[in-house]
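Residue numbers (the numbering used here), protein chains in the order written: chain A, 8 to 340; chain B, 8 to 340; chain C, 8 to 340; chain D, 8 to 340.
Derived from the structure by calculation, the hints contain no laboratory data.
C-beta: ideal position from N, C-alpha, C; glycine also.
Be careful, since some hints might not be right.
What the hints assert, rightly or not - Cβ pair distances, simulated, as ranges:
no., chain 1, residue 1, chain 2, residue 2, range
1, C, D148, D, D234, 25 to 35 Å
2, A, K149, D, D293, 47 to 57 Å
3, D, S113, A, P315, 36 to 46 Å
4, A, K149, D, A76, 37 to 47 Å
5, C, D293, D, G273, 33 to 43 Å
4 protein chains.
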Amino acid sequence: MFAFHVRVAPSARMAARRMYSSASGSSKPVVGFIGLGQMGRPMASNLFNKTAANRAGFVVFDVFDGAVADFTKTHDGAVRASSPADVAAQADVVITMLPSSPHVSSVYEQMAPAVRKGALLIDSSTIDPATARRVAKSVLDKVDAVDAPVSGGVGGATAGTLTFMVGGTKPAFDRANPWLQAMGKSIVHCGDNGNGQVAKICNNMLLGSTMAAAAETMNLGIKMGMDPKLLAQIINTSSGRCWSTDTYNPVPGVMANVPSSRDFEGGFAVPLMQKDMGLALSAAQDVKASVPMAAAADQLYKNILATPGLEKKDFSVVYEWLSGLFVRFVRKP
Amino acid sequence: MFAFHVRVAPSARMAARRMYSSASGSSKPVVGFIGLGQMGRPMASNLFNKTAANRAGFVVFDVFDGAVADFTKTHDGAVRASSPADVAAQADVVITMLPSSPHVSSVYEQMAPAVRKGALLIDSSTIDPATARRVAKSVLDKVDAVDAPVSGGVGGATAGTLTFMVGGTKPAFDRANPWLQAMGKSIVHCGDNGNGQVAKICNNMLLGSTMAAAAETMNLGIKMGMDPKLLAQIINTSSGRCWSTDTYNPVPGVMANVPSSRDFEGGFAVPLMQKDMGLALSAAQDVKASVPMAAAADQLYKNILATPGLEKKDFSVVYEWLSGLFVRFVRKP
Amino acid sequence: MFAFHVRVAPSARMAARRMYSSASGSSKPVVGFIGLGQMGRPMASNLFNKTAANRAGFVVFDVFDGAVADFTKTHDGAVRASSPADVAAQADVVITMLPSSPHVSSVYEQMAPAVRKGALLIDSSTIDPATARRVAKSVLDKVDAVDAPVSGGVGGATAGTLTFMVGGTKPAFDRANPWLQAMGKSIVHCGDNGNGQVAKICNNMLLGSTMAAAAETMNLGIKMGMDPKLLAQIINTSSGRCWSTDTYNPVPGVMANVPSSRDFEGGFAVPLMQKDMGLALSAAQDVKASVPMAAAADQLYKNILATPGLEKKDFSVVYEWLSGLFVRFVRKP
Amino acid sequence: MFAFHVRVAPSARMAARRMYSSASGSSKPVVGFIGLGQMGRPMASNLFNKTAANRAGFVVFDVFDGAVADFTKTHDGAVRASSPADVAAQADVVITMLPSSPHVSSVYEQMAPAVRKGALLIDSSTIDPATARRVAKSVLDKVDAVDAPVSGGVGGATAGTLTFMVGGTKPAFDRANPWLQAMGKSIVHCGDNGNGQVAKICNNMLLGSTMAAAAETMNLGIKMGMDPKLLAQIINTSSGRCWSTDTYNPVPGVMANVPSSRDFEGGFAVPLMQKDMGLALSAAQDVKASVPMAAAADQLYKNILATPGLEKKDFSVVYEWLSGLFVRFVRKP
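Next comes chain A alone, as it looks inside the complex:
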């Protein structure tokens, strides 16, 4: 089974392979998933359910046994692996969804010796591009590997509507594409390994800045006597418009169905936004890029993080931070 992995060079191999199939044409791949957390679990669930006809098996691993037990109990046919190495030894396609760079480094170190020649490794964790490139490089002589961080949050993971930003060769991207389709709606090729992460952190860094800028602008306008809805409407048809004003406005009452209109619950929590800002700023340190706007925004999010009662709010709470309204959420000592 999967003998093709030995015989065919990764790059040549891809073009000839049909979607979801292994090279021999007769056998189906085994799929592995590592990391069954808040994001990973619904992603794995969609992958499990939507690829049933296209795979031979589904093995899962998580450091928390309970997460694995829960998954195998609710997904008939899913099998517990004993370690990342065990997943790598069994699976032809491995998706990882882990919290941070050190986790990804560790899991790839464990998988590297055991990985099946010709396998496909997809890392959907959001980590720094340098680590993404390093872990990919550590396995690319034996397998295809892509970084494929996501946007869309737990909601998108559950609904299977995530956006995947994929870094890797074109053949590796093409090979990963059908599996990612099972978990998302938009799969974008961003260039070579690491570029998925670059695209993700660039977008989120800009989001962190534009949200802070939108929040302070709305606050200023309101303090100067403007109606918030009218101000948003004017900006949204002018040169100041951005996603943070027209889709996710941070002022309570301006838009329905956004976190600002439900006490900043749900959405994209400050610690997650700040994590991404941190990754972007760290990358900017690596390449010595001056990013004064993101640096200013990042400090705001860290300041909010340090304030008891705001730690889990959606990042658009930066509006209330600047206006002083946030004190309603403060947890006093």
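Since the structure of chain A is provided, determine the placement of chains B, C and D on it from the hints.
Leaving out everything else, chains B, C and D in the frame of chain A:
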């Protein structure tokens, strides 16, 4: 002529009046225009040409005699006034387009004693909201007055496609509307007097911030190995998108027909952007609003302004400022 | 009396005059004081008490009658004036201590027509340099005028240990000097009119920045496991040292007798620091100077100002703002 | 020889030992030095020269053979080691002076298996506190280890007047002290392992911020008409004073013998300052500390770094960056 001005209270008067007409129904208003500079001249020209059937006369004034002479020579029927007071004494509708708050204060001081009862004063200068409110208040017992700053630049002024952001009562807005239609495409009522200025500076402040944020993000992505066009494309379908990425991208070559693709010539020059940032930051001082993003952006534009060779570039040159590429434009001592 | 005022040109006059005397040598000047607020009252009191032998009279004015009544009651011989013009008509030396630029403009407008030829006007208010220069210019053909803003706070005003930063000609400075000595300890000539204000706001702008920088540094070190006193001690003998670390450390417990060690009560309240930052930033707008550090610090102080419960704290509370400890002071709605 | 290393527990051992001696009292330690770069070479030279009587041998290593050859040729008795492990195998006291965290990690990994039990390891590199703690922890069961980053630059290294900020146990500090005295003037104990680095980066982060703040303040004052020397003098006796105004003023001509007065040559180059800012900001990310001032300053230094012609200037060149005067140094493409 214009006897209605005496008899009808400003607010009641409006509802009964047909567009472009004076209250009596038989007489047409005289139009005055003060400030025939880079913006004012094309605006006055459109107003002159498109309202010929709806007005009785057209008087103009500028502190530079040559500007007036040139206008009257090229617009048959336009008449030179000797001063702002002279314009005010003759015209039923007066549009002012001046460089800064002190100019507007001075012109309104000169017009106030001479203004025709029931006239309509439209100030299209971009100035601080406090001054806009003060000058309006100084004449509102005798006339209707609105602040109506524009966006769209010299191009929009020439094409007659400006956006007007109007502050004043609803009747005053309705009364100003047809005249503004002659010079622009989108006429937006922003609330009471001063709110046109508030909307304008809020939008432009946010624009200044999002452009700087977009520029640093593109620079980071490029330094990390991303193709600029691809990065822009990804951001433009994601949560980081803004006018500065999808309509006016600051990286040369990403979009055609924007200043970044023609050595940052034309467009919205750094001093103009910085002037608007300064107005916004000054307003933020007045109301004690914390605007850390705009404050950071403003310092960048001032830093650029202080650099010989960059003074007249489009504000999107902030991309080259951050990347170091700007040195190609530097004028050494 | 004071006939010399008429006969002697201001600049020549000064050199020949002995301290505290009028030019004739026989007559003593009348002193006027306008603005008996928190700072003005103790200043006026010291001036009254320490110059008894050197003056012929002492007239006072304040917009609050109660302040004047209280002063005249407790300072035997002090006489109530009915207006700034009345002070100007009677006094040879007039000190003003007012809250802001518009107040100074207004008082000087009232004094200008009434001012005694050859008088000396000293404005100790902290205002923007442009206004300081304008009001001085408005009276310099008839009198000597200096701007002489102070540092040292209410404590220094009471103890008579203020520092005066004086802008004006050297003769005017020399003439003002003895009167200022009665209220302060250090009298510094900073150059021409307005430069007293420039020196004051430059110093305070830098103070606002270094305090914020010191606060964030102490917070970082503490979070990284350093003992605060030890960290302060190391910095204070190294290149990071500044007044905010070695004289006014913002971390509670590091130094005794500073606001941080008494719940940030007393000292230099956030609104006063922010007022001075605002003046400096406004001046920086006027001359198009890029001041990114002060701009960042200013936003912090405005953010603190917007937070209920922190409005009156000493400005070193920025340490608790950044560390999250400030929530203990928050006043919830 | 050095049998005490086996028999005595590290912490108990120290108290009983006389300076410079090994525990037995009869034998002298061998000293090792790794990293003979710009800083390391003069440090090693001083250590070699001043401890001749107190040591049994001196072994050196550098990845550049030429650096080693040059050192052994000019320091009679110094012996080349073949690797960090070789140094560790021979020396009782090992000083490392390396460019960055990865270098230190690598050298400690190489030394760990070979290190003499009971040895003393002193790392004088400036690196992130987390790495400092990790490498110390990796060897503390067998040896004493301290982090001892320096301030004072190449000048201080040559003159033997460096300041060492030392992190480690008190006994380890006491044991390191005499060796550090041979290279520096001020040896400060900052607490446990890593705290030397914390103190260093906190101080330098604050320095980076105060220098930028001092520079922008001087620029503003000068633009407002103040004499630079007078402004510096006033600030230096007021609450805005800091090392960057009173010892290392960034405005050419204000002080003699500082980099600003020699075209910003020599001193502490922008890349070195930016490296330390980067370490501090990275540490701030680790502990989620909001450091808005340092973040703003860091972006300035990175912006300067990106500008051809400024890369090697002293960090006080930030004054010319803000004032626009820097264009005289620009290297055009």
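Identify every previously stated hint that the structure contradicts and give their numbers, smallest first. Those not satisfied come down to hint 2.
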